[in-house]
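Colleague: The primary structure of each chain is shown beneath.
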Amino acid sequence: MAENKKVLVVGGGFSGLTAAVETAEAGFEVIIVEKTPFFGGRVTQLNKYFPKLCPPNCGLEMNYKRIKNSGDITFYTLSEVEKVSGQEGSYDVTLKISPRFVNDKCVGCNACAEACPVEMSNEFNFGLNKTKAAFITHNQAFPFLYAIDGKHCKGASCAKCVAACKYDAIDLNMKPQTIQVNVGAIVLATGWDVYDIAKLDNLGGGKVANVISNMQMERLASPNGPTDGKILRPSDNKPAKNIAFVQCAGSRDENHLPYCSYICCMASMKQATYIREQYPDSKARIFYIDLRTPGRYEQFYWKVKDDPNVSFTKGKIARITEDPETKDVIVDVEDIMAGKKIQARFDMVVLAAGMVPSTKTAKIPGDISYTPDGFVAAASLKKGIYAVGTLKSPVDVARSVQDATGVAIKSIQSARR
Amino acid sequence: MEKKFGVYICKGCGIGEALNVDDLKKATAGGAKVPAEAVKDHGILCSPEGLEMIRNDVKEGTTCVVIGACSPRVKFEEFEFPGTITERVNLREFIAWTMEPGSEDTQAVAEDYMKMGVIRVRKSSLPEPNILEDLSNTIMVIGGGITGITAALEAADAGYKVFLVEKEAELGGWAAELYKETPRLYPYDKLEEPRIFDKIKEVESNENVTIYKATTVEKTDGQPGLFDVTLRSNGSSQTLKVGAFVMAAGWKPYDASKLEYLGYGNPNVITNVQMEEIARKGKIIRPSDGKEAKKIAFIQCAGSRDANHLPYCSSFCCGTSLKQAKYVREKNSDAVAMIFYKDIRTPGQTELFYKNMQNDPGVLLTKGDVTAITDAGNGNLHVEAENTLLGEKIKVEADLVVLATGIVPATRATQEYFDALTEAGKKGDDAKKAFLDETPQPDSILNLTYRQGPEIPSLEGAYGFADSNFICFQYETRRTGIYTAGCVKQPMTMADAADDAAGAALKAIQCVEHVAKGMAVHPRAWDTTFPDPLMIKCTSCKRCTEECPFGAIDEDEKGTPFYRLNRCRRCGTCMGACPERIVSFKDFSVDIVGSMIKEGVDVPDEGYRVIVLACENDAYPALDSAAIKKMKLHPSVRIIPVRCLGSTNLVWVTDALSRGIDGLILLGCKYGENYQCHFVKGSELANYRFSKLQETLSKLQLEADRCQLLQVAISEYDQLPKMIDDFMKRIDEVGPNPFKGF
Numbered sequence: 001m002a003e004n005k006k007v008l009v010v011g012g013g014f015s016g017l018t019a020a021v022e023t024a025e026a027g028f029e030v031i032i033v034e035k036t037p038f039f040g041g042r043v044t045q046l047n048k049y050f051p052k053l054c055p056p057n058c059g060l061e062m063n064y065k066r067i068k069n070s071g072d073i074t075f076y077t078l079s080e081v082e083k084v085s086g087q088e089g090s091y092d093v094t095l096k097i098s099p100r101f102v103n104d105k106c107v108g109c110n111a112c113a114e115a116c117p118v119e120m121s122n123e124f125n126f127g128l129n130k131t132k133a134a135f136i137t138h139n140q141a142f143p144f145l146y147a148i149d150g151k152h153c154k155g156a157s158c159a160k161c162v163a164a165c166k167y168d169a170i171d172l173n174m175k176p177q178t179i180q181v182n183v184g185a186i187v188l189a190t191g192w193d194v195y196d197i198a199k200l201d202n203l204g205g206g207k208v209a210n211v212i213s214n215m216q217m218e219r220l221a222s223p224n225g226p227t228d229g230k231i232l233r234p235s236d237n238k239p240a241k242n243i244a245f246v247q248c249a250g251s252r253d254e255n256h257l258p259y260c261s262y263i264c265c266m267a268s269m270k271q272a273t274y275i276r277e278q279y280p281d282s283k284a285r286i287f288y289i290d291l292r293t294p295g296r297y298e299q300f301y302w303k304v305k306d307d308p309n310v311s312f313t314k315g316k317i318a319r320i321t322e323d324p325e326t327k328d329v330i331v332d333v334e335d336i337m338a339g340k341k342i343q344a345r346f347d348m349v350v351l352a353a354g355m356v357p358s359t360k361t362a363k364i365p366g367d368i369s370y371t372p373d374g375f376v377a378a379a380s381l382k383k384g385i386y387a388v389g390t391l392k393s394p395v396d397v398a399r400s401v402q403d404a405t406g407v408a409i410k411s412i413q414s415a416r417r
Numbered sequence: 001m002e003k004k005f006g007v008y009i010c011k012g013c014g015i016g017e018a019l020n021v022d023d024l025k026k027a028t029a030g031g032a033k034v035p036a037e038a039v040k041d042h043g044i045l046c047s048p049e050g051l052e053m054i055r056n057d058v059k060e061g062t063t064c065v066v067i068g069a070c071s072p073r074v075k076f077e078e079f080e081f082p083g084t085i086t087e088r089v090n091l092r093e094f095i096a097w098t099m100e101p102g103s104e105d106t107q108a109v110a111e112d113y114m115k116m117g118v119i120r121v122r123k124s125s126l127p128e129p130n131i132l133e134d135l136s137n138t139i140m141v142i143g144g145g146i147t148g149i150t151a152a153l154e155a156a157d158a159g160y161k162v163f164l165v166e167k168e169a170e171l172g173g174w175a176a177e178l179y180k181e182t183p184r185l186y187p188y189d190k191l192e193e194p195r196i197f198d199k200i201k202e203v204e205s206n207e208n209v210t211i212y213k214a215t216t217v218e219k220t221d222g223q224p225g226l227f228d229v230t231l232r233s234n235g236s237s238q239t240l241k242v243g244a245f246v247m248a249a250g251w252k253p254y255d256a257s258k259l260e261y262l263g264y265g266n267p268n269v270i271t272n273v274q275m276e277e278i279a280r281k282g283k284i285i286r287p288s289d290g291k292e293a294k295k296i297a298f299i300q301c302a303g304s305r306d307a308n309h310l311p312y313c314s315s316f317c318c319g320t321s322l323k324q325a326k327y328v329r330e331k332n333s334d335a336v337a338m339i340f341y342k343d344i345r346t347p348g349q350t351e352l353f354y355k356n357m358q359n360d361p362g363v364l365l366t367k368g369d370v371t372a373i374t375d376a377g378n379g380n381l382h383v384e385a386e387n388t389l390l391g392e393k394i395k396v397e398a399d400l401v402v403l404a405t406g407i408v409p410a411t412r413a414t415q416e417y418f419d420a421l422t423e424a425g426k427k428g429d430d431a432k433k434a435f436l437d438e439t440p441q442p443d444s445i446l447n448l449t450y451r452q453g454p455e456i457p458s459l460e461g462a463y464g465f466a467d468s469n470f471i472c473f474q475y476e477t478r479r480t481g482i483y484t485a486g487c488v489k490q491p492m493t494m495a496d497a498a499d500d501a502a503g504a505a506l507k508a509i510q511c512v513e514h515v516a517k518g519m520a521v522h523p524r525a526w527d528t529t530f531p532d533p534l535m536i537k538c539t540s541c542k543r544c545t546e547e548c549p550f551g552a553i554d555e556d557e558k559g560t561p562f563y564r565l566n567r568c569r570r571c572g573t574c575m576g577a578c579p580e581r582i583v584s585f586k587d588f589s590v591d592i593v594g595s596m597i598k599e600g601v602d603v604p605d606e607g608y609r610v611i612v613l614a615c616e617n618d619a620y621p622a623l624d625s626a627a628i629k630k631m632k633l634h635p636s637v638r639i640i641p642v643r644c645l646g647s648t649n650l651v652w653v654t655d656a657l658s659r660g661i662d663g664l665i666l667l668g669c670k671y672g673e674n675y676q677c678h679f680v681k682g683s684e685l686a687n688y689r690f691s692k693l694q695e696t697l698s699k700l701q702l703e704a705d706r707c708q709l710l711q712v713a714i715s716e717y718d719q720l721p722k723m724i725d726d727f728m729k730r731i732d733e734v735g736p737n738p739f740k741g742f
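First to last, the protein sequences are chains A and B. Position 368 (the first sequence) corresponds to 368 in the working numbering; numbering is contiguous. Position 425 (the second sequence) corresponds to 425 in the working numbering; numbering is contiguous.
Don't read these hints as lab results, they were simulated from the structure. Hints are supplied without guarantee of correctness; some may be wrong.
Unchecked claim - Calculated cross-link-like contacts (lysine-lysine; reagent style DSS-like; alpha-carbon spacing at most 25 Å):
id	chain 1	residue 1	chain 2	residue 2
1	A	Lys316	A	Lys340
2	B	Lys630	A	Lys105
3	B	Lys258	B	Lys395
4	B	Lys670	A	Lys52
5	A	Lys314	B	Lys367
6	A	Lys68	B	Lys586
7	B	Lys393	A	Lys314
8	B	Lys40	A	Lys166
9	B	Lys670	B	Lys722
10	B	Lys59	A	Lys105
11	A	Lys68	B	Lys729
12	B	Lys670	B	Lys729
13	B	Lys629	A	Lys48
14	A	Lys96	A	Lys363
15	B	Lys367	A	Lys340
16	A	Lys130	A	Lys160
To be verified - Label pairs and their computed distance ranges (CB to CB):
id	chain 1	residue 1	chain 2	residue 2	range
17	B	Arg451	A	Glu277	55 to 61 Å
18	B	Asn20	A	Thr94	49 to 55 Å
19	A	Lys230	B	Glu260	50 to 56 Å
20	B	Glu192	A	Pro280	32 to 38 Å
21	A	Ala338	B	Asp437	54 to 60 Å
22	A	Asn182	B	Gly362	51 to 57 Å
23	A	Pro239	B	Lys427	46 to 52 Å
24	A	Ala198	B	Glu17	55 to 61 Å
25	A	Lys199	B	Arg451	57 to 63 Å
26	A	Ala338	B	Leu364	21 to 27 Å
27	A	Gly155	B	Glu17	28 to 34 Å
By construction, the Cβ of each residue, glycine as well, lies at the ideal position given by its N, Cα and C atoms.
Excised from the complex, chain A in its bound form (with noise of 0.2 Å):
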């Protein structure tokens, strides 16, 4: 038998991670690329998973430890591919790697985030506070090497962090590097967007302060995110006790996403969860069209719903807009089961904002087809390339595992021939 080909992995998030490990695991060699200065994707911004409620990071942790250990993992962050060329058991690609400008010898120590004088949007917090343009995204990020943002960064004409540094680990002038790599197979895991709230204008995505979406919560619940996991709303820091959940904020309406996003009934009912247990006078009301819970799932509905402090009504939203003197926020719905329509106030209201493959923004370069949508077309790829989890179709993270884990085989398959 010739010798196996190696396995190139694109994407770094909870599926490119599994399809790595387990390619790996089955006794294959894997390049890993993740476009970020780190791994873990939308999973490692999530608080809690449902319906466990348990932590992320808990297995992004093991996975990462089975990176450590496999030994036939090699791994590049701020990675992208550039150019594929070739066929099943022989694919030639082009990785851009962009600079860090931080090296290996950087030891965590934060020492050149506390000079840098330049703030910047916390995209990991999805603009919910500023960080310093060197930096990590939180304690348990991986690789644990901060980065410097070379968009933001003002250059050797600061270079503060530079002489902040006792470690030699910044360079500045580091420059983009490109590399050849030869491998048998490519398993597309380059994973989703949130869709922009801003679009929602008459849910006052964008406009209204105390309107955030889904993946903002998870921010603001997550004991390593901008409010340290107390959730406060953004227009005052006050405690958000009295919040509302709009479904569907986008997914299955022709004007967005035609689509259902799968996890947003499940994840707003986990969210319900986080306020109930933060604060024990808090309410939620969650404004749905059907409610979506497959599965086993079916028993989280049925917890989250025996609390009397949850509410869930079937309605349409036709207005979200802002008290100016509180800042809360009125809701004008229609409860359909009702027939009538009805207005509340809320502290604080959470968009159920749905899944836009990355894809639809960022192509993959190669012979790749894509539905109007964005989603890459899976018949379409050719032998040798395969597309994982929500590239395909919109899933959860259970359904992304199974994937990733049943692309690994395939990929096995053609770095073999």
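Got chain A; can you put chain B on it based on the hints?
Modeller: Below, chain B alone, put in the same frame as chain A:
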């Protein structure tokens, strides 16, 4: 291997400021009995120069490397010295970033940790994998439906031999009963021809796959790589050697005869499975009089999402009813399909199919709870529903009713039987005997000869599904080498089941590859150590056989336990359970941790000392995370990582308390229904053992509060320092250990 030590202390990252490193070197050399010249320091140990120093020593013959620097969770590539026993002592996170710099207490912590690090290495040896002989790498797939066939094909295409076992006379399962499949491709508007028949042909002609039809598993003996599976077919038996399993035994439709209120029993009330058969034959003909049905009602959640029937959603039925509504409409454009639902569940892109169907004026969707289906005469039926939109009660006539019945996993009956047997057993021998006499035993699928029972153990809250407990790790069953897939695992659609099958096949392949190298499988996939019991001292108390989460230990005819090593996941639960303390791994044993406590921790006359045994998977990273946030850790604690709290042997408690240590904290995962332990119930078992111990402590006039198990999630690092401080307050209340100084 001759042990030549090299001990290295880093002065970077604040360690040099927090500690007097010269004194620490002296104390380490003296206290841990290492030659003074073997203890070195460096300004930045992970720098190229620092690493060069260590590598040079290794070239010169150093075999044991103790690194006093940062957490083993970072700089793992730098501090790797192949061929040596390397131990990382966490001076940075556990001291420099969390304790008062320059204080006597802080210095004392560092001295203890360095000594403990040396002791661990001194007592460890390099692992040598134990590779069992005559291993098979054949994958057996149980179940010849879409899931099983897909798993068989995937494993075969990856180059493995496969035995595919199907209990029915033909392959295909439920997939072969379908008239059409729901749309799989954008724009999700066309029904698809069933794929199963091509797949059957493909698997039947695949030279790597041997198919056993009309065959069941009579007995599964052995362990991964060495399973002996006895198959039974047409009254005769044969035994095959197998490496690992994909278990895809599938599901049964919920018994519609339990749905009398929905009119089942009336010939014109049929199930979604019967509807496929009718559609396959041609026009939608109703059973009672052979007339073509033109007004067909579909009742969603027939049994599903119902506390009296199935308390879960069966996931596929909304898509199926929409598909069957399309049959109705395509076969007769005058016919009408009425779907009564609670919520339409078409997640992901299947929503587009739902949208397409909504646009068909002949498909009527009504939200409501169906309360009754009654005879309307002429073979027609009345569907009565309440809680519809506007709150009205409605009554609609239909000439055929299709109940969207749900999924019951094939494992449910056996699991329920054995759970009930266990419950009866708890009530005593009589209750158990009565149960056995009265209850017929359902057929088991695997018929494992394991001491812990013949089937995959049930998961609390899983209603008989052979599911994983872990969101992140979907193929974790408690039976190593047996991976479940498809609807026996979770309610899922056919497309999802095929993806899942591929995943399970991969896990089965990993398993046979790992046992061939003498390595564990997930979650310690890299580990070549193994439990090596000193059987001569075994008293056959059977605690290990009972407590092993993976059923890795059986008993011989005399009742003496023996390991089926390839079932073992290396958690060390047996090591913790054994009262004779006979179970050891090369780098982890009762003696190693016991010696670290007894010889590594200096117990002063004044001030407290508390041992924290921390789960290395979650508690340890949580402690690191608190350190990164520069939270303060109490300087009286000495943290020792363990593989799992299940490995906690009570003798460590005795060791500690008899030496005058004031208390012990076990820091581990949350347990209970939503347990987070990667080894199932490590912290729960540790707590159980602790509770037994606390009685003994009370008898010794030692306060039970001196030993506490604290449950912590990896994300709760922010609460950890306070949890430890609260424990210290309690120790302060009960006062110093009276054994101190004796």
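Colleague: Decide, hint by hint, whether the structure agrees.
Modeller: Going through the hints against the structure:
| no. | hint | in the structure |
| --- | --- | --- |
| 1 | A:Lys316 <-> A:Lys340 | 11 Å, holds |
| 2 | B:Lys630 <-> A:Lys105 | 21 Å, holds |
| 3 | B:Lys258 <-> B:Lys395 | 22 Å, holds |
| 4 | B:Lys670 <-> A:Lys52 | 11 Å, holds |
| 5 | A:Lys314 <-> B:Lys367 | 11 Å, holds |
| 6 | A:Lys68 <-> B:Lys586 | 21 Å, holds |
| 7 | B:Lys393 <-> A:Lys314 | 18 Å, holds |
| 8 | B:Lys40 <-> A:Lys166 | 21 Å, holds |
| 9 | B:Lys670 <-> B:Lys722 | 18 Å, holds |
| 10 | B:Lys59 <-> A:Lys105 | 23 Å, holds |
| 11 | A:Lys68 <-> B:Lys729 | 38 Å, violated |
| 12 | B:Lys670 <-> B:Lys729 | 23 Å, holds |
| 13 | B:Lys629 <-> A:Lys48 | 20 Å, holds |
| 14 | A:Lys96 <-> A:Lys363 | 15 Å, holds |
| 15 | B:Lys367 <-> A:Lys340 | 17 Å, holds |
| 16 | A:Lys130 <-> A:Lys160 | 19 Å, holds |
| 17 | B:Arg451 <-> A:Glu277: 55 to 61 Å | 41 Å, violated |
| 18 | B:Asn20 <-> A:Thr94: 49 to 55 Å | 52 Å, holds |
| 19 | A:Lys230 <-> B:Glu260: 50 to 56 Å | 53 Å, holds |
| 20 | B:Glu192 <-> A:Pro280: 32 to 38 Å | 51 Å, violated |
| 21 | A:Ala338 <-> B:Asp437: 54 to 60 Å | 56 Å, holds |
| 22 | A:Asn182 <-> B:Gly362: 51 to 57 Å | 55 Å, holds |
| 23 | A:Pro239 <-> B:Lys427: 46 to 52 Å | 49 Å, holds |
| 24 | A:Ala198 <-> B:Glu17: 55 to 61 Å | 48 Å, violated |
| 25 | A:Lys199 <-> B:Arg451: 57 to 63 Å | 60 Å, holds |
| 26 | A:Ala338 <-> B:Leu364: 21 to 27 Å | 22 Å, holds |
| 27 | A:Gly155 <-> B:Glu17: 28 to 34 Å | 31 Å, holds |
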